[in-house]
Structures are given as C-alpha cells and as structure tokens.
Amino acid sequence: MAEATGVRIENLKVLEIGPGQRLRHLRCFALKNEVVGIDTDVIPQGRPSDYARMLYASPPIRSAKTLTRKILWQDARFKAELATALGVPGFPRISVHQMSATNMEFRDATFGGVFSWSVFEHIDDPAASIEEVKRVLRPGGVAYISLHLYTSHSGQHDAKICAEGRPVPPLWPHLRPEHQHTVRPSAFLNRLRLHEWHALFERIMPGTHFVHERQDHEMGDGLEKLRRAGEVSQYTDEELMTVNLVAIWKKPEAT
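For the sequence shown, the positions run 24 to 278 when my numbering is used.
No lab work stands behind these hints: they were computed from the structure. Please note: incorrect hints may appear among the correct ones.
Stated by the list, open to error - What follows is a list of derived Cβ distance ranges for each label pair:
# : residue 1 : residue 2 : range
1 : 30        : 103       : 29 to 37 Å
2 : 70        : 203       : 42 to 50 Å
3 : 199       : 130       : 41 to 49 Å
4 : 209       : 243       : 23 to 31 Å
5 : 33        : 84        : 36 to 44 Å
6 : 118       : 225       : 28 to 36 Å
To be verified - In silico SDA-like links for lysine to any residue, alpha-carbon gap of 20 Å or less:
#  : residue 1 : residue 2
7  : 157       : 227
8  : 88        : 74
9  : 36        : 140
10 : 273       : 26
11 : 88        : 47
12 : 273       : 232
All of these numbers come straight from a predicted model, not from anything done at the bench. All C-beta atoms, glycine included, are put in the ideal place defined by N, C-alpha and C.
Sequences and hints are given; from them, build the entire structure.
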C-alpha cells in the first residue's frame with residue numbers, strides 16, 4: 024500500500040467492509056488506527072445482547088456456524104494466537120455496524136482508508152459499493168479492495184473445492200458445461216469477469232492500480248491441456264489464472 028500510494032496506514036480512521044466473525048484485519052489495524060467495520064451479519068464480541076441480535080438478524084445457518092465456533096472456543100483461540108503473534112496483551116472491542124456496502128450510513132470524506140478482502144464478489148451491486156467507497160474516503164485517502172475472481176478455479180466458492188487447499192481436476196468446473204452440475208456455490212456471486220472489474224474501477228476510481236495474484240504454479244499444465252482440448256476458449260489466461268484481483272486507489276487531494 025505504501026509503495027503504491029505513498030500512504031502509511033497509521034493514525035487514520037479506517038473502515039473495513041466485511042471483516043467477518045474473526046475481525047483479523049481490523050484488530051491488526053486497531054493497533055495504530057481508529058477502526059470501524061461494516062458487515063451484513065451481526066458480529067458478536069462477547070456480550071449476550073450481541074448473540075441475541077445475531078440470532079434475530081442473521082441467517083440461521085450462519086448463526087449456527089458462529090455459535091459452534093464460539094462453543095468450541097475456535098474464535099477465542101484465534102484471537103489469542105493473533106495477539107501473541109503481534110506481541111500485544113489483547114484487543115479492544117471494535118465497532119462493527121450491520122450495514123450494506125451499497126448504501127453506507129457515513130458522512131462524505133469520513134475515512135483515511137477503506138479495505139476489503141473477498142467480499143466484493145458477493146455484492147449484488149458492486150458499482151454502487153465502489154461509488155460508496157469513493158464517497159466516504161477523504162481526499163488523499165486510500166482504498167484497498169481484494170476480491171476472489173469468479174473465473175479462477177475456486178471462484179465458484181464451492182466448499183468442497185475450496186477445502187482441497189490445492190487445485191484438483193476437474194479444473195474450472197463452473198466454467199465447463201459438462202461439469203457445471205457438480206458445482207454447489209456456498210454464497211451469492213455476482214460473477215463479474217476480470218475486464219468488467221477493471222472497467223468498473225477505472226470508471227469510478229480513475230487511475231486504480233491493479234494487482235493480479237495468480238496461481239500459475241499450482242495449476243501446472245492444467246490450462247494448457249484444456250486449451251489443446253478446445254475448452255474454456257472464451258476466457259483469457261489472465262482471468263483463468265488470477266485468483267485475487269486487488270484494486271488500490273488514492274483519492275485525489277482536494278483542489
């Protein structure tokens with residue numbers, strides 16, 4: 024981030040979109056910044072009222088998964104291990120609002136940094152969310168948005184495929200008609216392709232710097248074999264081999 028924008032993430036007001044139940048990034052940011060998170064789920068942090076709100080407002084399956092992790096102390100162990108790794112005794116309670124990224128309830132120019140990991144592919148109106156990020160950033164503020172590209176091998180978010188930890192045949196099943204019936208996405212996906220994401224960011228945030236995090240080594244000669252068989256010809260190598268697209272942008276200073 025500092026290399027791409029010249030901005031260090033210190034002494035800023037920082038927003039994370041979709042921090043998830045473990046609040047990993049927000050807790051790291053909280054050591055040197057004022058932090059806020061927004062999520063469509065309720066993120067309980069220990070108070071009984073948090074769990075009551077979660078059971079009322081969040082989908083039953085998500086609530087059940089969260090409660091199971093809490094009962095098994097998985098989240099507590101993760102939090103303790105993160106604190107040990109960072110050399111801190113613990114973390115403060117973090118402000119996380121239940122809110123849509125497409126319509127944020129913050130004033131213009133509120134934040135010095137906006138961050139998100141593996142969330143924007145799940146948003147039904149990503150253009151509105153990018154507009155909102157632009158709006159709530161102050162002049163000179165920075166955005167870092169990393170999204171899991173749909174056209175990657177694991178881009179369909181099928182739990183059984185993602186759980187493998189490494190690509191296994193059939194590769195890119197969601198993009199190959201004869202294998203699509205085997206895919207079970209675990210969440211809503213907007214299915215935007217690489218060029219569509221580029222166009223969105225460039226239109227709303229001109230001058231966005233893109234990073235393509237690829238998985239060439241993990242895929243071996245899998246793509247070459249499919250090309251020889253005449254498959255996935257409508258997709259470029261870049262969009263098939265890119266797992267995460269990272270968009271980095273610095274809002275122009277006020278003139």
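Restraint status (C-alpha distance of residue 273 to residue 232 at most 20 Å): Cα-Cα ~9 Å, so holds.
Restraint status (C-alpha distance of residue 36 to residue 140 at most 20 Å): 18 Å, holds
Assessment of proposed distance window 36 to 44 Å (beta carbons of residue 33, residue 84): Cβ of residue 33 to Cβ of residue 84: about 38 Å, so the range 36 to 44 Å holds.
Residue 209 versus residue 243 beta-carbon gap, inside 23 to 31 Å or not: 26 Å Cβ-Cβ, so the 23 to 31 Å window holds.
Hinted pair residue 273 and residue 26, Cα distance within 20 Å: Status holds; Cα separation ~12 Å.
Cβ separation of residue 199 and residue 130, checked against the hinted range 41 to 49 Å: 47 Å Cβ-Cβ, so the 41 to 49 Å window holds.
20 Å limit on alpha-carbon distance, applied to hinted pair residue 157 and residue 227: 8 Å, holds
Whether the CB-CB distance between residue 118 and residue 225 falls inside 28 to 36 Å: Given a distance of about 32 Å, which is inside 28 to 36 Å, the answer is holds.
Pair hint residue 88 and residue 47, alpha-carbon separation not exceeding 20 Å: 18 Å, holds
Verdict for residue 70, residue 203 (Cβ pair) under range 42 to 50 Å: 44 Å, holds
Proposed proximity, residue 74 with residue 88 (alpha carbon, max 20 Å): Holds: residue 88 and residue 74 sit about 13 Å apart, inside 20 Å.
Distance restraint hint 29 to 37 Å, applied to the beta-carbon atoms of residue 30 and residue 103: Check passed, 31 Å falls within 29 to 37 Å.
In the structure shown, no violation is registered for any of the earlier numbered hints.
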